[in-house]
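Since the structure of chain A is provided, determine the placement of chain B with the ligands on it from the hints.
Each chain, letter by letter, is given below.
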Amino acid sequence: MPRLRLKGVSKRYGATIALGRGDLTLMSGEVHVLMGSNGSGKSTLSKIIAGSVRPDDGVIECDGSVVTIPSPRAARDLGIAVFYQELSLASHRSVVENICLPRLSGTGGLFRNRAGMAAAAAPFIAPFESVLGDGFGLDVPVGRLRADQRQLVEIMKTLAAEPDIFIFDEPTSALDRAQVDCFMTVLRKLKAEGKSIIFISHRMDEIFEIGDRVTIIRDGETVSTSALADTSMDEILRTMTGEEAPGPAVPAVAAAPHVARQPSIKLKVSNLVAPGVNSVSFELAAGEILGFGGLHGQGQSAVLRALFGTAPTRSGDIEVGATRLKGNSPRASIREGLAYVSGDRARDGVIDGRSILENTVPIYALKNHLITASPRSLGTRAADALEQLQTKYQSLFHPISSLSGGNQQKVIVSRWLMAPPQVMLLDDPTKGIDIASKTELFRVLRDLAADGMAILLYSSEDAELLENSDRVLVFNNGRTVRELRGDERTRYHLYHAAYEAA
Amino acid sequence: MSMPQSTSRQRSVFERFPFIPALGILVALLILNGIAEPRSMSYGAITGLIKTYLALMFLAVAQSFVVFSADIDLSVGAILSLVNVVVVVLIERLGGGPDSVLLACLVGVLVGTLAGVFNGLVVVGLRLQPIVATFATGIVFTGLALWVLPVAGMPVPQAFWRTYGGRIFEIPFVFYVVILLAVFIWLAVRTKYIIELMAVGDNRLAAYQSGLPVTRIRIKAFALCGLLSAFAALCIIGDTASGDPVVGNAMTLYSVAAVVLGGTALSGGSGSLLGSAIGALILGLINSFVFFAGVSSEWQNFAQGVAVLVALMAGVLVTRRISK
Ligand SMILES: Nc1ncnc2c1ncn2[C@@H]1O[C@H](COP(=O)(O)OP(=O)(O)OP(=O)(O)O)[C@@H](O)[C@H]1O
Ligand SMILES: [Mg+2]
Numbered sequence: 036m037p038r039l040r041l042k043g044v045s046k047r048y049g050a051t052i053a054l055g056r057g058d059l060t061l062m063s064g065e066v067h068v069l070m071g072s073n074g075s076g077k078s079t080l081s082k083i084i085a086g087s088v089r090p091d092d093g094v095i096e097c098d099g100s101v102v103t104i105p106s107p108r109a110a111r112d113l114g115i116a117v118f119y120q121e122l123s124l125a126s127h128r129s130v131v132e133n134i135c136l137p138r139l140s141g142t143g144g145l146f147r148n149r150a151g152m153a154a155a156a157a158p159f160i161a162p163f164e165s166v167l168g169d170g171f172g173l174d175v176p177v178g179r180l181r182a183d184q185r186q187l188v189e190i191m192k193t194l195a196a197e198p199d200i201f202i203f204d205e206p207t208s209a210l211d212r213a214q215v216d217c218f219m220t221v222l223r224k225l226k227a228e229g230k231s232i233i234f235i236s237h238r239m240d241e242i243f244e245i246g247d248r249v250t251i252i253r254d255g256e257t258v259s260t261s262a263l264a265d266t267s268m269d270e271i272l273r274t275m276t277g278e279e280a281p282g283p284a285v286p287a288v289a290a291a292p293h294v295a296r297q298p299s300i301k302l303k304v305s306n307l308v309a310p311g312v313n314s315v316s317f318e319l320a321a322g323e324i325l326g327f328g329g330l331h332g333q334g335q336s337a338v339l340r341a342l343f344g345t346a347p348t349r350s351g352d353i354e355v356g357a358t359r360l361k362g363n364s365p366r367a368s369i370r371e372g373l374a375y376v377s378g379d380r381a382r383d384g385v386i387d388g389r390s391i392l393e394n395t396v397p398i399y400a401l402k403n404h405l406i407t408a409s410p411r412s413l414g415t416r417a418a419d420a421l422e423q424l425q426t427k428y429q430s431l432f433h434p435i436s437s438l439s440g441g442n443q444q445k446v447i448v449s450r451w452l453m454a455p456p457q458v459m460l461l462d463d464p465t466k467g468i469d470i471a472s473k474t475e476l477f478r479v480l481r482d483l484a485a486d487g488m489a490i491l492l493y494s495s496e497d498a499e500l501l502e503n504s505d506r507v508l509v510f511n512n513g514r515t516v517r518e519l520r521g522d523e524r525t526r527y528h529l530y531h532a533a534y535e536a537a
Numbered sequence: 007m008s009m010p011q012s013t014s015r016q017r018s019v020f021e022r023f024p025f026i027p028a029l030g031i032l033v034a035l036l037i038l039n040g041i042a043e044p045r046s047m048s049y050g051a052i053t054g055l056i057k058t059y060l061a062l063m064f065l066a067v068a069q070s071f072v073v074f075s076a077d078i079d080l081s082v083g084a085i086l087s088l089v090n091v092v093v094v095v096l097i098e099r100l101g102g103g104p105d106s107v108l109l110a111c112l113v114g115v116l117v118g119t120l121a122g123v124f125n126g127l128v129v130v131g132l133r134l135q136p137i138v139a140t141f142a143t144g145i146v147f148t149g150l151a152l153w154v155l156p157v158a159g160m161p162v163p164q165a166f167w168r169t170y171g172g173r174i175f176e177i178p179f180v181f182y183v184v185i186l187l188a189v190f191i192w193l194a195v196r197t198k199y200i201i202e203l204m205a206v207g208d209n210r211l212a213a214y215q216s217g218l219p220v221t222r223i224r225i226k227a228f229a230l231c232g233l234l235s236a237f238a239a240l241c242i243i244g245d246t247a248s249g250d251p252v253v254g255n256a257m258t259l260y261s262v263a264a265v266v267l268g269g270t271a272l273s274g275g276s277g278s279l280l281g282s283a284i285g286a287l288i289l290g291l292i293n294s295f296v297f298f299a300g301v302s303s304e305w306q307n308f309a310q311g312v313a314v315l316v317a318l319m320a321g322v323l324v325t326r327r328i329s330k
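One line per chain: the protein sequences are A and B, in this order.
Read in order, the letters of the first sequence are residues 36 to 537 in the working numbering.
Read in order, the letters of the second sequence are residues 7 to 330 in the working numbering.
Just so you know, the hints here were simulated from the structure itself, not pulled from any lab data.
In this text the structure is predicted, and so the values were computed from the model without any measurement.
Among the hints, a few may not be true.
[Unchecked claim] To list a few chain A residues with every Cβ distance to chain B over 10 Å, as calculated: (1) L325; (2) S430; (3) E475; (4) Y527.
[As the list claims (entries may be wrong)] In silico lysine to any residue, SDA-like type, Cα no more than 20 Å apart, as pairs: (5) B:K198 / A:D174; (6) B:K226 / A:L145; (7) B:K226 / A:L139; (8) B:K198 / A:A195; (9) B:K198 / A:F317; (10) B:K198 / A:K226; (11) B:K198 / A:R149; (12) B:K198 / A:R108; (13) B:K198 / A:L173.
[As the list claims (entries may be wrong)] Derived list of chain A stretches under chain B, where covered just means 3 residues or more per stretch with a C-beta under 8 Å from a C-beta of chain B: (14) 37 to 48; (15) 119 to 126; (16) 462 to 471.
Beta carbons are placed, not taken as given, at the ideal position from N, Cα and C, and that holds for glycine.
Here chain A stands alone, though its shape is the one from the complex (with noise of 0.2 Å):
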């Protein structure tokens, strides 16, 4: 018998179909895989069983029974535990408050106590004990980690709630290659325990590391359900787009290096140093994308914090085109011409509560001395920004949270390509997006290199930093120590480089 059963499970917001007919079979012990490409509907169905979305119709069964889920705090009873893909974190409580939080009132007693809250939390921390890195701590606001330690922080949480039924909302975008490994192994371990679990991930390669059977969600509906030996990546692909020959949406193999005719050089960094950052150097050519490779955390996305003016402090020499970057703040940064595309949309990117139009505009807007602005004239550009990427919306004037997880990225991205800068910095800029439109960003992204912009290109996801960058730079503790370029950039020079003791 089937732990979970999900029968035309459907959800529709106004004229929105986020879910027309969902079909699910879950048993015990597997990895369920479900794929299907942005705003398809995984989230959706994730959140109608986790009791945080209602559905509008469908049968629910449990153990064979019906079942309805209003709550999360029923779908807890029911021994359900939910990741959810954009996290369910309180940033100012402690990292293990936010693990305990779930089961905090369960358990008796008026006050709190820490020491059995720490000792609580131990066990779900401890598998991931050597890929936690720095600034990590039990007692650390959330709101201060990174965003792969948040990551791991929600994964701690749901495997702290001790369910039955697991479900994986895009648990590892964040994650580097060492972290997913963690929790490949916590996820074997729960499977050999007869644990259920769903997992969703944008990621082909973990998918046939982990998964047994997968279910392919196409535009709201589930169009099939095989196992994981039996299919290949290809055929899910083709199903997944419902394209006949594998279109687009196979990943580009690495893209020829592009050598501007005269490089010039867009981007001169010396001696750059800040928090997390220790004296770096390197130089871009106009036209060149520059990786940004190495472990979580070894001061990628603090270089490129540092370019855009966001760390507190700041001090070495950058020069943008010809003019000296002086201004420690992203106005400055924006104003020589520098972009910044972050992954940790929540703290970075989105403007919550406010449309996906406003969300897109403002560089564009602030760039043009826009002072008045028509939503009309406005509302095409954007459309066109946003067309580029295939993001899927109901109408410009949604609230941005109206959006799929991997649409609300595109919206940020738009956001830059709007108003292309002199030089893009790429903080993990796909997470969150599904393969084809992965393929297209990058497409975008050649062309407009081509036309002379520089991009520095910092990703979680190997294969996609080493198919996109014409050379890697390879980061260990705030410095560069090797750089990758034509044969040498593959993983096993990726790794080799990052582990080396520098």
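Below, chain B with the ligands without anything else, positioned relative to chain A:
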């Protein structure tokens, strides 16, 4: 240059004790008061100050609970007024003996709590914006207070204010109340409830998704707010020794100011109860400083306003400097 481990690994002292900047401002104000008028730092003068501002301390702590959950209660002053007149009128009706005083106080606390629950139901149950909803309920409470006692007056028995203003074992009664408040705060910050409350204020959707009973947690905060506002009312009765249906109304925004001065963010999710109590004392000391500094009466409001602004800025600057 990477950040030193000690600051990044541990929660900094200021994150753990967000009231520290407020404490600094308090000490500075004490010194200023001492310089302006040495007698203002005498035992008697301090006792008087606390006697006057104890009600605001309670009210600020009351307000903190709702602010922690990212709500706000603009009816605290009206609740205070309502409880004030209910207690005073009840004492009178019941004959004014010790039993009747005690019973009236109990009823008053109950009325305050019920008013808080009512606020909670209106804001959370009906999903109204707390700022306007409690503005409206505040008017309702004032209306009730005016019905209970249309004009200020009606003295309370001597025993009541004699106790409040008196001493037990040579120590002023109000100090015992301050200790009681301190113990309450000490206990409150150690409850599981406060963690959940902060989580709700931090990110309401996330708290709901974590399975927390968000509705119940928020209503509880309003109830606690009403309860503590009732205690504030009892302090006011002790201080003024009479009933007044609008005595608290001007105090509402003072309570909000005290909360902010104490290092609590109005956006919810973080803050300190102790800080709010200190914030109330800061407001008290500002008023006394303006008085002792010899500001002429027509300029006192102006000077008080400027001083509050300076205190707020000092708090913000210190916090910002630290968090860098
Ligand atoms: N609260 C909401 N209001 C309106 N529309 C919504 C809301 N939540 C989701 N939608 C819409 O429902 C559709 C499905 O969203 P969902 O988040 O389930 O996608 P997803 O498959 O998880 O995508 P992604 O890979 O980007 O995370 C999207 O088109 C989205 O715009
Ligand atoms: Mg999603």
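Each hint tested on the structure:
no., hint, in the structure
1, L325, "holds, 23 Å"
2, S430, "holds, 23 Å"
3, E475, "holds, 31 Å"
4, Y527, "holds, 28 Å"
5, B:K198 / A:D174, "holds, 16 Å"
6, B:K226 / A:L145, "holds, 14 Å"
7, B:K226 / A:L139, "holds, 17 Å"
8, B:K198 / A:A195, "holds, 17 Å"
9, B:K198 / A:F317, "violated, 51 Å"
10, B:K198 / A:K226, "violated, 33 Å"
11, B:K198 / A:R149, "holds, 10 Å"
12, B:K198 / A:R108, "holds, 17 Å"
13, B:K198 / A:L173, "holds, 17 Å"
14, 37 to 48, "violated (count 0)"
15, 119 to 126, "holds (count 6)"
16, 462 to 471, "violated (count 0)"
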